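Protein chains: 8
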Amino acid sequence: MKDILDAYAAGAIDAEEARQKLLQTFYAHGEEFLLDLHRRERLGFPEVVLAESKSVEQVIEVTRRILEANGQVCISNLLPEQADALRAHFSNQELRIAGRCMTIGPAADPLGCVGIITAGTSDIPYARECALVLEFMGVEVLTAYDAGVAGIHRPYVSLQEMGKARVIIVLAGMEGALPTLIASITDKPVIAVPTAVGYGIGGKGIGAMISMLQTCAPGVLVVNIGNVIGAAAGAVRILRGFRKDI
Amino acid sequence: MKDILDAYAAGAIDAEEARQKLLQTFYAHGEEFLLDLHRRERLGFPEVVLAESKSVEQVIEVTRRILEANGQVCISNLLPEQADALRAHFSNQELRIAGRCMTIGPAADPLGCVGIITAGTSDIPYARECALVLEFMGVEVLTAYDAGVAGIHRPYVSLQEMGKARVIIVLAGMEGALPTLIASITDKPVIAVPTAVGYGIGGKGIGAMISMLQTCAPGVLVVNIGNVIGAAAGAVRILRGFRKDI
Amino acid sequence: MKDILDAYAAGAIDAEEARQKLLQTFYAHGEEFLLDLHRRERLGFPEVVLAESKSVEQVIEVTRRILEANGQVCISNLLPEQADALRAHFSNQELRIAGRCMTIGPAADPLGCVGIITAGTSDIPYARECALVLEFMGVEVLTAYDAGVAGIHRPYVSLQEMGKARVIIVLAGMEGALPTLIASITDKPVIAVPTAVGYGIGGKGIGAMISMLQTCAPGVLVVNIGNVIGAAAGAVRILRGFRKDI
Amino acid sequence: MKDILDAYAAGAIDAEEARQKLLQTFYAHGEEFLLDLHRRERLGFPEVVLAESKSVEQVIEVTRRILEANGQVCISNLLPEQADALRAHFSNQELRIAGRCMTIGPAADPLGCVGIITAGTSDIPYARECALVLEFMGVEVLTAYDAGVAGIHRPYVSLQEMGKARVIIVLAGMEGALPTLIASITDKPVIAVPTAVGYGIGGKGIGAMISMLQTCAPGVLVVNIGNVIGAAAGAVRILRGFRKDI
Amino acid sequence: MKDILDAYAAGAIDAEEARQKLLQTFYAHGEEFLLDLHRRERLGFPEVVLAESKSVEQVIEVTRRILEANGQVCISNLLPEQADALRAHFSNQELRIAGRCMTIGPAADPLGCVGIITAGTSDIPYARECALVLEFMGVEVLTAYDAGVAGIHRPYVSLQEMGKARVIIVLAGMEGALPTLIASITDKPVIAVPTAVGYGIGGKGIGAMISMLQTCAPGVLVVNIGNVIGAAAGAVRILRGFRKDI
Amino acid sequence: MKDILDAYAAGAIDAEEARQKLLQTFYAHGEEFLLDLHRRERLGFPEVVLAESKSVEQVIEVTRRILEANGQVCISNLLPEQADALRAHFSNQELRIAGRCMTIGPAADPLGCVGIITAGTSDIPYARECALVLEFMGVEVLTAYDAGVAGIHRPYVSLQEMGKARVIIVLAGMEGALPTLIASITDKPVIAVPTAVGYGIGGKGIGAMISMLQTCAPGVLVVNIGNVIGAAAGAVRILRGFRKDI
Amino acid sequence: MKDILDAYAAGAIDAEEARQKLLQTFYAHGEEFLLDLHRRERLGFPEVVLAESKSVEQVIEVTRRILEANGQVCISNLLPEQADALRAHFSNQELRIAGRCMTIGPAADPLGCVGIITAGTSDIPYARECALVLEFMGVEVLTAYDAGVAGIHRPYVSLQEMGKARVIIVLAGMEGALPTLIASITDKPVIAVPTAVGYGIGGKGIGAMISMLQTCAPGVLVVNIGNVIGAAAGAVRILRGFRKDI
Amino acid sequence: MKDILDAYAAGAIDAEEARQKLLQTFYAHGEEFLLDLHRRERLGFPEVVLAESKSVEQVIEVTRRILEANGQVCISNLLPEQADALRAHFSNQELRIAGRCMTIGPAADPLGCVGIITAGTSDIPYARECALVLEFMGVEVLTAYDAGVAGIHRPYVSLQEMGKARVIIVLAGMEGALPTLIASITDKPVIAVPTAVGYGIGGKGIGAMISMLQTCAPGVLVVNIGNVIGAAAGAVRILRGFRKDI
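Residue numbers (the working numbering), protein chains in the order written: chain A, 1 to 246; chain B, 1001 to 1246; chain C, 2001 to 2246; chain D, 3001 to 3246; chain E, 4001 to 4246; chain F, 5001 to 5246; chain G, 6001 to 6246; chain H, 7001 to 7246.
Derived from the structure by calculation, the hints contain no laboratory data. Given the structure is predicted, the values throughout are model-derived calculations rather than measurements. Just so you know, not all the hints are guaranteed correct.
[Unchecked claim] Computed list of lysine-lysine pairs in DSS-like fashion (alpha-carbon distance at most 30 angstroms, straight line):
no., chain 1, residue 1, chain 2, residue 2
1, A, Lys2, G, Lys6021
2, G, Lys6164, A, Lys204
3, E, Lys4021, B, Lys1002
4, A, Lys21, A, Lys2
5, B, Lys1021, B, Lys1002
6, E, Lys4164, H, Lys7021
7, B, Lys1164, C, Lys2244
8, H, Lys7244, G, Lys6244
9, C, Lys2002, C, Lys2021
10, D, Lys3002, H, Lys7164
11, A, Lys244, G, Lys6021
12, B, Lys1204, E, Lys4204
13, G, Lys6244, H, Lys7002
14, G, Lys6204, H, Lys7164
15, D, Lys3164, E, Lys4021
16, E, Lys4204, F, Lys5204
17, G, Lys6164, G, Lys6244
[Stated by the list, open to error] So the derived label-pair ranges between C-beta atoms look like this:
no., chain 1, residue 1, chain 2, residue 2, range
18, B, Ser1091, E, Ala4012, 35 to 45 angstroms
19, B, Leu1095, F, Arg5065, 56 to 66 angstroms
20, G, Ala6007, A, Lys244, 24 to 34 angstroms
21, H, Asp7084, A, Lys2, 58 to 68 angstroms
22, E, Gly4071, D, Glu3161, 29 to 39 angstroms
23, D, Glu3052, F, Asp5146, 29 to 39 angstroms
Built from N, CA and C at the ideal position, the CB exists for glycine as well.
Here chain A stands alone, though its shape is the one from the complex (with noise of 0.2 angstroms):
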């Protein structure tokens, strides 16, 4: 850019060309640029691998690549060998697991606190891998596991752990009913994520983002079923929001 500036200073082209070469530039390396940009995005949120359909080369390569650029990684939908091969590979690195979720480098300055409710002991696998995620990341997490609806006062009492949260995730199953009865007695944001647990007509999770999308508690706001980083990512955009001001 230098060199066109001077062309432009010594008059060796003029101010069109000097525009033009400017803007061809710009275009050539745009890539860099926007990179910029989007690194400053990605200090919101770490980047994640998904694991699962890709080789164990691919995912041990993608990794070293991205902690090298990054200094921190989180690789999700792991494979037993995949994550055998991560703990090998990165054995000098900090590193930690929970359920197919894993993490790679130290945590993220602390950022605040996220409060986790599940419905169900089936729904506890994603709540772990969802808390490792959300630590990852420097927020403080607290839980209250097994709060469903059928015994009706749990939601209730589990609600009263959440103190300090300022974004409670609701992780539910089969009917999918906590988050509408958590954001009913709350006001803090509440995140739905519907979890792959059910049977026959709306199983798998179906049922339960359905219910979750139909909620007639007002705000609720929903990811996809079983998309904990989701949740996740979405907690830390709004946590980041009290570190700034605008």
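Please build the complex by placing chains B, C, D, E, F, G and H on the supplied structure of chain A, with the hints as guidance.
Below, chains B, C, D, E, F, G and H alone, put in the same frame as chain A:
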């Protein structure tokens, strides 16, 4: 049949011939026999005429025929012009109407008590039809409208008002969580009726229905969307049990 | 609570303070109160552990806890290794198994009689699980297997065997027509359970379920595909009514 | 073609040239040839004009053209204004109408007998259209309306009236169980037509259709919802076999 | 029955009493009567055992019972171990196998001829099962495999080979267009069988099935995905008509 | 409650009796207590009346009641006659309307800023309703309409205009890609609202909704099709966090 | 931009400052740059206004703006009153209409030839809209209507008439088999458009669409149901390639 | 044919007889004629063997036959054992493999250039199969992997690398937004391939497919989920146009 018996008594035919003829008789007149059998069943619930897909003349004709045979008739899914025509034609009969449902003839003998709980104001027209049919069958009906889960205490309070009821019919649209909640705080039979309230994915009662089928509360029994007559009939079947010695 | 009462009695706090403190107490200990309430409900039906999505350790732990609290427990959707582990761990208990369902602890007090009718041989495993759970709840079970509609007389004959039953549970896959037929020849409560028998369009029980919800017989009550425990619980709710004065 | 033959006979072209020209001729006039072929097929069933998506002018024009070519035509899914226009325009023709279906021209030669059984009153309009089309094809039609499964004996009785019929067409909406029942008590060909009767999940004939495809009775053949013309055409195909020596 | 007749003849009971007793007799022994009736139907098509959802022991037991009663039996959806066990157990019987389908016992008397046309190589296993069942029923089978529409002439050629056939069974997966084409160039009955060939949207035969139900060719009759036994049974129903005088 | 305390203080009842009576009191008056609790929640978002399924009288009555209790009310899914009636009846109130949504009463205290971005012109009516509700809640609203992905730069530019906003609500129909794009260039919370714009497969907003749930951008939070009130309520939940110390 | 260049040339800012300012300039004016880029794209296909969901005023306003900018505009999904208003408002413009589609302004320069084949008469309105848009883009259009597969020769004959066409657009509803047939007898690009013709299962074009996606002919490219503009745009993209040297 | 011509020339038959015989000849040998016709089509794209549903022997046999006839063959959806067997059996042939796809025989003559862009790493295996098939057809392939919309600049940059390509094939799973973006910044033909990447609602590529069909960018042409061979065939159809004079 007497002819066959007499022929046999008179020796005009032998036993085998008599047996053949009797079977043929039965076979030929199977309808009447089975209609007898059937009538006993009908005592349990009135004939219901689905008006919507019939002409005004057909509705009147079918109604008249059932009324003559049974002394009472219930008509559902009435269009306004059908309702008007029926009212005009059967003006000398005891005639009640709720929403798109009409009953003609005197109510049956007292049968017991059923409670109806609705989640929201939009469910009330369904509840009114359900109550009409139940009362026509001799059932005392207790109602608690607007007991939706968005106010977590409301299901609980609504149940308090159901004291004498032997069956609870719960109507809900949207996310359909109310029957799950009711069933988790009572051990009475709970019949869940999804109503066609809702929008977008899971709209027109689909979400409510799936939610009720996926319930994590044990023993919620479900009928199709808006099928208040089926729910009433199910309740009547249960109540009739209390009048029998088995 | 006594401390508050005494403080008030001693004049250390005034009535309003006492009221506040009592409410806080209640609020803080709401769980216990509500658990009491909940226990009454549980008397109606045992806790059911959904095994499938839990580890062997979790299943044993949850089972043990419920067993200590309630004296009986039912586990469903068992994987073979879970079943083996439970059998080993609770070998000193009264333990029964059918299909993927297990009960531990003594059966409840006698509660009445339920009939189970299946459409085909493939539905029998479902019926066995259903019977196990019912018997565990103190219910006498009558069965008539293979009463499918392809033999038009079979539904009729099967119903003859249901004499004493106060509720009929009908299991069917494929086109799911059997509950409709049964309900058109009895006035007893009919609970329909679609089973995951079928293929192609409407397979895995979807066709049977839809058929049952679309029934033209009045009062067929439906649970989700394969939900024999829900059906059993629904029947138990009905039977318990016969033991109460309302 | 004769020109080519003559040119070859005259030695004006050689065998290869003649072959090329003949193929070109064929290729160019393939349509006529194939139309011939096609006509044989058409003898089996009249051209059917789907009126609904056409303008009044288009319907009249298409009808006129087919009528000129074939001497008879069938029009389906008629809107009222289309029906009126056709009646006016072809007033000098033999013209019959049932529901939204019209036939113009004389009926075909006698072809045999088909039975039509309906489950409920709402299915009768479909049956009338089906009968109209069959009779137009020369088929004698026997009917038994309102043979629904809710009265278990009715299917049986209705079948008694089908004596001479070589094919049974069964129309049913709701849970669509009737074809299964009919097929389990006759060995005649059974063509099942789901009608758009029903509501909620599986409504608009979806439940009936799925039920018929999932039938546990062997050999039930199905057409799309409300496709009475397809059912009639299928029956005609079967009947025509009886007139051939193969 | 003779006792009742004699009692009447002897004047021990009057006509009304006799009538009541005869009806009771009939009622009590309805099963046998209806079984008689049913047996006639069974002559039309052999009992088919759906093996998949049964244990090896159950399959053998059911097979044995039907074989004793009827002299022939057909088993479908066989798992390899079930097939092996049947082969071992019924080694002294005439036993044929195709794909997952097995027949035991001698074929029925000759019944006529059916043609089977498949769209692609992947449909052939379905065709083989279909042919096995048909031949077991005494049907001569003509086949034309790989007649798919991607080669526009192939459907036409394949039909040429079907000369003697009175019914054409067409199997197709993917876009399922073949039955439409066949039905537009023959006036014979066409039974369409969608096969579970395909992928993505409309995969597993859904697309083929819908296509067949939406056909613009008149009179295509459809069975569920992969239901070759239903198709065979439908063809047998048609063929049997040619042996009757009505 | 004071009576019980006094009775205890006076020694008229012992501690256990007092405890029992206090619990009964609580139990009997649970509603009030919980309503208190509930009221806190309501402060977060106004009561919303779903007008569509109510009569004009019902809408006015419910509106009046809420207005008396809360001083402000929001009505959605208004039919024209309902809107007219409300305008006439509450003409002395501060009343605003957008699309099918109306607010009555003064706006709440300032709460912060939310940005609304729409993909196309067809989404603007949804945006207007959303803005109305947000402003009623005291929220400052920034808008950028027509930012659809078909012009790749538009999402980027639209985001530039959202400076002060703490939450971005993105509305899109058709393929619903916009929220994904917005979420990949901002770290603010993104709430995605599918609109009922589209046709054919995935029409009526289904495609947009699924697309938003499948997003590859982390942290997109979704509400049901057209649920602008839910989106507004979700945003309000987030904004309220900024006013609290936790 | 010249100011920055001059400031640098004058030494008022250094190279780094100049770079920063240029980037900011770009950033701030990114829209214009990208609009330039975008305009090139738009040359490929006119802006299309989706009228249906807009008010009459909006449609006129948007149309006017695009017309001023581009000199031509296409409006789709017009309601009658919108069409009338546009006709009145742009009466001094070259204006053409087909079905619910309108073009305003002169057609583009000649671009090549496209063939349109329809399966049935009901597809012709779609074809007319498609032709209108293509001709507006400078495309010569050949048409062959009513080439449906029910007459097996018709697809073949219709293709004969497509001689000069470089792309074939095939429209079909019902079972949607025509594109498969066309694609199996030509090696030209085939774009398949399902039309909303059909009923029952797979109705409204769903069956046709799935059929086209499941095609066994290689290389059939599909657009959404009724998306004739998308098909036209796809064809234009292909034709434009012939005018470029790459 | 010459015999007929000669017979006519010799006067042994008259013109009508000759015509009849010629038609019969054609009719009898229609297959060869049409095969000729068909072969021209086949030149456009190699025969593709769908391996998955065939036995190892069938795959080898079909492959061998096509190879003999055409000199080249493509096999898709290979199972590992099938791939091994083919490799062993055709070891003396030019054989290439990618993912589950194999080509045997020499590549076709150069045909032009196609670009392949993928949204994410998980789409690369699909891209490799697509490239293999294209290269086998003589197509030069340019690739840009991992151009997903989560980095908003990436689609733009990826397109820069597609300079020479006359067609762009875009593969994407999840929300499937990439083809829309690519199509909004290029006027080249865009073929969109949804891949089976995704989970929950809209998983297995359903969401991506619907998104592509709902695209707001004009002219995106779609194939079924994972149908890379269809996409390649579509591209080849377009490229072949450049080699013809029309």
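(request) Hints the structure violates: just list their numbers, smallest first. (result) Of the numbered hints given earlier, those the structure breaks are 2, 10, 13, 14, 15, 18 and 19, listed in rising order.
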